[in-house]
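Protein chains: 2
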Amino acid sequence: MSEKAIAYLKENRSNLLEKMNEFLSIPSVSTDSEYKQDVEKAADFLVAYLEKLQFEKIEKMETAGHPLVYGEYNGAGADAPTVLFYGHYDVQPADPLEQWKSEPFSPEVRDGRLYARGSSDDKGQVFMHLAVFEAYMETEGSLPVNVKVCIEGEEEIGSENLYEILHEQKDKFQADFAVISDSGMVAKNQPTILYGLKGFTGIEITVTGPDHDLHSGMYGGAVRNPIMALSQILASMKDENEIITVDGFYDGVYPLTGEERELMKKAPGEDFVAATGIPETASEQGYTPQEHTMGRPTFEINGIYGGYQGEGTKTIIPSEATAKITCRLVPGQDPERIQQLLEDHVLKHTPSGVNVEVKKERLSAKAYKVEPDHPLIQKAAESYTKAFGKETVYVRMGGSIPVVEWIDAIYKMPIVLLGFGTPEDRLHSPNESFPLDSFDRGMETLIYYWDKVRAN
Amino acid sequence: MSEKAIAYLKENRSNLLEKMNEFLSIPSVSTDSEYKQDVEKAADFLVAYLEKLQFEKIEKMETAGHPLVYGEYNGAGADAPTVLFYGHYDVQPADPLEQWKSEPFSPEVRDGRLYARGSSDDKGQVFMHLAVFEAYMETEGSLPVNVKVCIEGEEEIGSENLYEILHEQKDKFQADFAVISDSGMVAKNQPTILYGLKGFTGIEITVTGPDHDLHSGMYGGAVRNPIMALSQILASMKDENEIITVDGFYDGVYPLTGEERELMKKAPGEDFVAATGIPETASEQGYTPQEHTMGRPTFEINGIYGGYQGEGTKTIIPSEATAKITCRLVPGQDPERIQQLLEDHVLKHTPSGVNVEVKKERLSAKAYKVEPDHPLIQKAAESYTKAFGKETVYVRMGGSIPVVEWIDAIYKMPIVLLGFGTPEDRLHSPNESFPLDSFDRGMETLIYYWDKVRAN
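Sequence order for the protein chains is A and B. Under this note's numbering, the residue at position 28 of the first sequence is numbered 420, and the numbers go up by one with no gaps. Under this note's numbering, the residue at position 332 of the second sequence is numbered 724, and the numbers go up by one with no gaps.
Read the hints as simulated data drawn from the structure, not as lab findings. Do not take every clue at face value.
Since the list can't tell identical chains apart, any single copy or any two copies may satisfy a pair.
[What the hints assert, rightly or not] Below, in silico cross-link-like pairs of lysine to any residue (SDA-like), each with a Cα-Cα straight-line distance of 25 Å or less:
(1) 752 with 704
(2) 564 with 538
(3) 449 with 468
(4) 706 with 600
(5) 402 with 676
(6) 706 with 487
(7) 740 with 633
(8) 564 with 705
(9) 761 with 800
(10) 740 with 635
(11) 844 with 765
(12) 433 with 488
(13) 428 with 749
Go ahead and model the full structure; you've got the sequences and the hints to work with.
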């Protein structure tokens, strides 16, 4: 089957690119209500495409925000597996506009890359799936697998309505496994299996002392300084070896196996010093930077503020100080339990003479991990290698994709993350782009993959 | 002598009040160039007054900023001591205007208090000295002491030009001792000798990590967090017992003697909890809040900032974080040495993976202290007690008055701080006021004092 579909993609490459450009030209910015009609237009584009592909039960599901596009293909037969394909058609705002070398919503090819907002995140990758379905329909008249399509318009604003829908309409989205292409490879043309994502939680700590800023000459020596109290609390939470010193924080953490460490070593690592300008890396004692970013939990202070922040000096004891903290979690850690441990620690380490308040982040997520030797993962790795002509590497990622955790928690189905982006794509930044290599070989990978899944 | 002069003040009270109101009505706001002419006008008022008092060598000394008013009285004879009287005729801005119950530059008496900007700080207190000189001249035809008057127009903006002048024209300002009335009593009608002021210094610490804010999912685990590094540095500088843990910080500090602790106990202490709303006080182990504020050095973080400070969460590792620190010093501590100790400590306690920069505050000052049993202080205490009918208390203050330190350092002369303000005067705030009690009894105190100094 694959040969014909692949041939179709080659013959129709310029048509397909033109059609993708039509999709990318719609400024479907979800965060800005000025673009509401464009967001609708992008959803309509998908609905029309699914209709052309002879999908059934196609729906533009209205939500409290932007619509979710749903559709089913059941023509592969009862013996074929059903895949839930998730993607999103909304994009980040294009600002700052003046930094774009070409118009964000007028796609342009330069040096083998297609420049447009959403080209990599995620409209380009969504389009690749639809184009692959088209290739099958036009050459074989059917798809090798049954498909449920779920393409939302609110990923860039937190997917809150999707969260509700996934919980409330379980039957609708139930499938044998899920495929998501909303991530990247560790390097251009380096086939990459992403088999784990970190979870996420956070707290905000506010230390309050006097009810107004005080003259340090009049009150210094009688009043606990809230910034110092906050610093002492924060410093008690992590030591200089980057070990998190909150009681119970590491309880239940799945250890990194020797096998995983080997897999991680094989993945081409980023040069952290060159990429960030730091004098040297700093990681949890006993782990390399790569092991820590991929496979160990983290604790970061994202922001801090209190007292006088202007030019020069103001001799006050400030009335309060606040720190924002988020943690990235690994399998075995429960976000709510971690929040509780953090709060307990803060309360225990707050000195006398000040009050403290801990606010818990509402949106938390567990980590996700699939075994790298799962058959659905192995087939994906083989497909990548065949399409790109290079051995596939296996990585876990320090970031979080909430929808992955939700699908895992609600449906307990395996999730295969088939990303084709590259580290140079500049997601969320000016001059977002996607390599045409990834477009071509990525679609080839998908065709090999569906065939292999069907052949099972 | 005193009786006649005191009688003069009583008889001419309403004239003198009217004249003071004329002075207070001039909006001599030094910080705002819009008021430049008014500042000149206030200086001219003083020049005219000194002329009427038959002072010699009267000068409106031009500076790079506002003029300094100088004058000499040498009629007390060669055997009489010479006093340098320092004060300032500039005032803080009146904003926010809408919070004033009467116009800031239209003095109004309510409930025994005169409301006007500068009534307490410092025009009212400067005027009292001139009125006392007038009382002597009108009744005795001479003053009991020789006087050098130095009234500047830039105290509220840092006295930088005065600093230069005091250094460059030493002979001009040389005297046997100095008197300054730019402070207050610990409570209304509670005679108070302020015999010590703290010194002052500061540093600003900036910790720099990556050259831009990083995604915590991509780099968390490889990069030292600058806010955490800063917190660890700060927490290493003071412990939970409010003891400053910077090596050598307390070296050379003059210990609080048992006698001083007794003096401090006698001074009516402020209720720190009620005044500030803190849950409880926090002071250096082994010292009461009063002892610490008055007589022990302090270390305060005045402000801190870094990373994301908006609503909600932003999962970044920030590129840098900054803390502003000032210390109040006691006799025996050298500000420049303290800055060096702080810098050394910071450099030593900075973890790997970040850079740190320490910026030293330019304007530092040593602490000032005169022995409470110095004869010039004892005479002041007796004069207070006689005028107010109440035993005088002795206090040291946590605040700093830079000009005191400069006069001390340059001229090595004793400085007597004769303050008549009260804690309720609302200096620098809307509705500044000065009790008429303080006006009457303060002038009486000055008359007793000059007589006693002369009688020596």
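Consistency of the hints with the structure:
1. 752 with 704: For residue 752 and residue 704, only the inter-copy Cα distance (10 Å) is at most 25 Å; the intra-copy one is 34 Å.
2. 564 with 538: Answer is within; shortest intra-copy Cα gap is 13 Å, inter-copy 99 Å.
3. 449 with 468: Classified as within: same-chain Cα gap 16 Å, cross-chain 109 Å, threshold 25 Å.
4. 706 with 600: Intra 19 Å, inter 23 Å, cutoff 25 Å: intra and inter.
5. 402 with 676: Intra 48 Å, inter 78 Å, cutoff 25 Å: neither.
6. 706 with 487: Answer is between; shortest inter-copy Cα gap is 18 Å, intra-copy 36 Å.
7. 740 with 633: both (22 Å within a copy, 16 Å between copies)
8. 564 with 705: neither (62 Å within a copy, 32 Å between copies)
9. 761 with 800: within (9 Å within a copy, 71 Å between copies)
10. 740 with 635: both (19 Å within a copy, 20 Å between copies)
11. 844 with 765: Answer is within; shortest intra-copy Cα gap is 15 Å, inter-copy 98 Å.
12. 433 with 488: The answer is within: 24 Å in one copy meets 25 Å, while 52 Å across copies does not.
13. 428 with 749: So residue 428 and residue 749 fail the 25 Å test inside a copy (38 Å) and across (47 Å) alike.
Hints 5, 8 and 13 from the earlier list are contradicted by this structure; the remaining hints agree with it.
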